[in-house]
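S.K.: Residue-level listing of the chains:
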Amino acid sequence: MNMLLWVVFPYICLTIFVVGHYWRYKYDKFGWTTRSSQLYEDRLLRWGSPMFHFGILFVVLGHVMGLLVPKSWTDAVGISQEAYHFMAISVGLLAGFLTLAGIAILIYRRRTTGPVFSATTPMDKVMYALLVVVILLGLANTLGWHAAGIGNTGPVPEHYNYREGVSIWFRQFLTFHPDADLMAQAPLGFQLHLLSACVLFALWPFTRLVHVFSAPVGYVTRPYVVYRSRDERPGAGVGSRAPQRGWER
Amino acid sequence: MRVMAQMAMVMNLDKCIGCHTCSVTCKQAWTNRPGTEYVWFNNVETRPGLGYPRRYEDQDEWEGGWVLNRRGNLTLRAGGRLKKLANIFVNPKMPSIQDYYEPWTYDYETLLNAPAQQHFPVARPFSLISGKQMNVSWSANWDDDLGGSKETAHQDVMLKGISDKVKFEFEQTFMFYLPRICEHCLNPSCAASCPSGAIYKRSEDGIVLVDQDKCRGWRMCISGCPYKKVYFNHKTGKAEKCTFCFPRIEVGIPTVCSETCVGRLRYIGLMLYDADRVLEAASTPDDEDLYEAQRSVFLDPHDPAVVREAERAGIPGDWITAAQRSPVYKLINDYRVALPLHPEYRTMPMVWYIPPLSPVVDIIKDTGHDGEDRDNLFAAIDTLRIPVEYLANLFTAGDPKPVTGVLRKLAAMRSYMRDINLGRDPDESIPEGVGMDPEAMYEMYRLLALAKYAERYVIPTAHSEDAHRLEELATDCAVGDYSDDMGAFGEGSGVLPTVAQENFAMLKARQTADTLVGGGSKSGRVNLLNWDGKGMPEGMFPGAGSADVSPTDEAAQIRDPQPGADLGDPR
Chain F
1 MNMLLWVVFP YICLTIFVVG HYWRYKYDKF GWTTRSSQLY EDRLLRWGSP MFHFGILFVV
61 LGHVMGLLVP KSWTDAVGIS QEAYHFMAIS VGLLAGFLTL AGIAILIYRR RTTGPVFSAT
121 TPMDKVMYAL LVVVILLGLA NTLGWHAAGI GNTGPVPEHY NYREGVSIWF RQFLTFHPDA
181 DLMAQAPLGF QLHLLSACVL FALWPFTRLV HVFSAPVGYV TRPYVVYRSR DERPGAGVGS
241 RAPQRGWER
Chain E
1 MRVMAQMAMV MNLDKCIGCH TCSVTCKQAW TNRPGTEYVW FNNVETRPGL GYPRRYEDQD
61 EWEGGWVLNR RGNLTLRAGG RLKKLANIFV NPKMPSIQDY YEPWTYDYET LLNAPAQQHF
121 PVARPFSLIS GKQMNVSWSA NWDDDLGGSK ETAHQDVMLK GISDKVKFEF EQTFMFYLPR
181 ICEHCLNPSC AASCPSGAIY KRSEDGIVLV DQDKCRGWRM CISGCPYKKV YFNHKTGKAE
241 KCTFCFPRIE VGIPTVCSET CVGRLRYIGL MLYDADRVLE AASTPDDEDL YEAQRSVFLD
301 PHDPAVVREA ERAGIPGDWI TAAQRSPVYK LINDYRVALP LHPEYRTMPM VWYIPPLSPV
361 VDIIKDTGHD GEDRDNLFAA IDTLRIPVEY LANLFTAGDP KPVTGVLRKL AAMRSYMRDI
421 NLGRDPDESI PEGVGMDPEA MYEMYRLLAL AKYAERYVIP TAHSEDAHRL EELATDCAVG
481 DYSDDMGAFG EGSGVLPTVA QENFAMLKAR QTADTLVGGG SKSGRVNLLN WDGKGMPEGM
541 FPGAGSADVS PTDEAAQIRD PQPGADLGDP R
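Quick mapping for you: the protein sequence lines, in order, are chains F and E.
full-length UniProt numbering numbers the first residue of the first sequence as 1 and each following residue consecutively.
full-length UniProt numbering numbers the first residue of the second sequence as 1 and each following residue consecutively.
Hints are computed from structural coordinates only; laboratory data are not their basis.
Where hints are given, some of them may not hold.
[Claimed, not checked] Pulled a few chain E residues facing chain F out of the computed Cβ check, cut under 10 Å: (1) I88; (2) P92; (3) Y106; (4) R124; (5) F126; (6) S130; (7) G131; (8) N135; (9) N187; (10) K201; (11) I222; (12) H234; (13) K238; (14) A275.
[Stated by the list, open to error] Ranges between beta-carbon positions, derived for each pair: (15) F:V212 / E:V136: 35 to 41 Å; (16) E:A86 / F:T175: 46 to 52 Å; (17) F:A76 / E:Q98: 55 to 61 Å; (18) F:I79 / E:Q98: 49 to 55 Å; (19) E:N69 / F:S229: 28 to 34 Å.
From the three backbone atoms N, C-alpha and C, an ideal C-beta is built for every residue, glycine too.
Make the full structure from the sequences, and use the hints.
M.R.: Laid out in C-alpha cells, this is it:
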C-alpha cells in the first residue's frame, strides 16, 4: 500500500505530466493559451490575478527552498533551525494567504460575472477545486507546523520537521529511488497535500495551467520587432523543406 | 542600405462615401466567427467622432505606440520589457468590451414562435457576451454621419486645442469618413509589445501577422497598438488582426476591402524602404518632422543604386518592377498628396491617406461661390482653419503646412482639369503655383479619378516557385469550423483542419451519402459552401417547433388552433 501511494502513484502522475505536456504541445498549440477573460471584466481581475500569481510564485519559490535544499546545506552556511523556521513560516504564510485571497477573488469573479462564468469549461472547474484543495492543505500544514512550534525553543521532537522527511523523499523521488516509508511516516496533512498535488500535476497538461510553461522569459532578450520569412514558417512546406504530408502536421 | 519591400495602401478620403462595404465584406471574410463578434479588422469612422474603440487616439489613457524617453531613445509608451512582464498577470491598459461595444443578436425565434397575440411580437436584443437581454447603447459606428454627435463628438481626441472653434451645429459642421485597417507599420509596437514573439513582420512584404500557434494570450499587443487594431478573440483567447488579406495578396489580387470598395478609393502597391534607417526616422525628436522622416526612409525604385541593392537583398525582379509602377509610391513621394495616419505614434504606419478637400469645397458651395475656382479654393483653405487643423491633428501630428500643401494641390487639380474638360486652354500657372508640372498634375488626375483596376492595385505575386502550396498557409487567422461546444481545452482547441481538407471531407460525405444533400454542420449551422443547389440542405429551414414538439402535436395545433389565442404558451 505504501509502495502504491508514495512510489507508484506519484510516478504515474509525473509520467502523465511529462508525456501529457509533450502530447498537448504537439496536438494543441492553438489551444495553448492563458484563455484570459480580462476583456469581460477587469475590476476584480485587477486585484485577484496579481495577488494569486505573485503569491503562487513565492509559494513555488518556498517549495524549491524547502524541498530541494537539504538541511545540511542551510546548517553549513550557519542558518539555525529557528531562523529557517521563522523565515519559512512568515514568508510561507504571507505568500499562502496572498494566493488564497487571490484565488478566492478569482473564483468569486468567475462565478458571479456572467460572461466569465459561461466561458468556464468543466475542466476549469475541476482544476479550480483541486487547486484550492492543494493550497488549503498546504496552508494547513504550514499553520500546523507553526502551531506545533509555538512555545518551543530549539529542536522540538514532537513537531514534524518536513526537511527530515518529505523533503528527503522528494529529492529521492527526483533521483528515482524514493523511500516510501519516509512519506508513510509523515503527518496526514502532508500526505494529503502530496496526493492532491499529484492529482493536480496529472491533470495539469489538460488544463489552462499549461500557460505556466509559456512564461515569456525570452521577451527580455529578443529584439523588439520579429521578422519572419514566409519560407521559415514551421510546417509551411515552402522553400527548401519538403512539404509536410497531412499526417505529419 | 538594407532594402526591404512593404505592401502598402493609400486611401483617397475625398472619395469615401461612408458606405461601410469594406467593413462588411471584411467581416464576412475574416471575423464572422464566435469570439470575434466585436472585431472589425476594417472599420469606417465618421470624423469628427470618437472612433473605434471609443477615444482610441487618447494615448495618455491607452499608452499605445512609442515615445522618446529622456535620453531621446525610442521606447514603448506603456513601458519596456520588464515593466511589461511585471504587468503580465493583468494588463492595466487593456480596453474592456465596453470600450468597444457589447455585441448582440436579436431573439428572432420569438417572431416565428410567438403565439397569436394582440401586439406584434418583438425581437429583443440579446448580448452575445453574457447571453442576457441588453440595451443597445453603442456599436462600431454608433456616431455614423455625426449621429448623436452633439452629445459625443466633443470627446473626439483630435479636437484638442481647437475644440472651442469646432461647431457641432448641424449647418456649421464639417465631416468626412475615415476607413481604417491595420497600418502594417514599419516599426510595429504591437509586435514589440508581444511577450511571446508571436506577432511578426513578414520579411518579404512587411505584412504584420499573429502566429496563432505561438500567441499565448498575454494581451500586450492590444494595448500596445496605438490604433487599437489588434483584437482579442474572447473564445480562443488569442489575438487577431487585419492580415492585409495575405492569401489574396500572395496570388496578386487586392485585399477584400479594396476589391469591394464602391468608391474605388483604395490603392495598393509596394514601397521599398531602407530598414536600417527606420529606427533613426522613428526617433526623430520633433513629432511634426515625423512625416518627412518617414518619407525619407522610402527608397526611389527608379534609382539604379536602389535597384542594385534590392537585387542584392534578394528582392525578385518583378517585385522591383512592381515597386516602380506602384501607385502608392506615386501618391506618397511623386505627388506628395498622401499622408500617414498619426505619425506621432512613431510606428511608421504604412496605410496612408489623401486628406479630403470636400469639407472645404462644400463650405464654398454653401456660401454661393464657385467651388472649383482656384482662388476661391486657395482662399478657403487658408481661411478655413478648422478643417485644416483637424486634419493636421490626424495626419501630420498637428503641422498644418503639409495638409495645406496637399489640399492646395487637390484644389489646383480641380481648377486645372475643369479648364481642360470645358475645352478651354489649360492654365499652366495653376500646377506651377503648387509646385507641380502640368504633366504630373494630369497624371495625378488620371490616377485619382480614372485609374483602372490594374493601375490602382499593382501587386506582384508571391515569389515562391511552388505558389500552389501557399494555399494552406492561410491559417494565421483561423478560419476553420470551430464547434460551438467547448472541448476540454476551450473552444477551437486542437489541430485545425485546413479549408481544403474540410471541403474535401464534406464533398466526399455528400457524394457517398444516400440523401441528396447532407452535411448539416455539427453546431446546427448550415454550410452552404458545398451546396450545389441540389435538394435542400438539412437544417436550412428548421421546423416550426422546437425539438420537443412531436409532429403529431404540431399537426394537432394546426388543425385546431386555440381560438382567440391567449398570450401564454398555447401548449
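S.K.: May I ask which of the numbered hints given earlier this structure violates, with the numbers listed in increasing order?
M.R.: Result: hints 3, 4, 5, 8 and 16 break, sorted rising.
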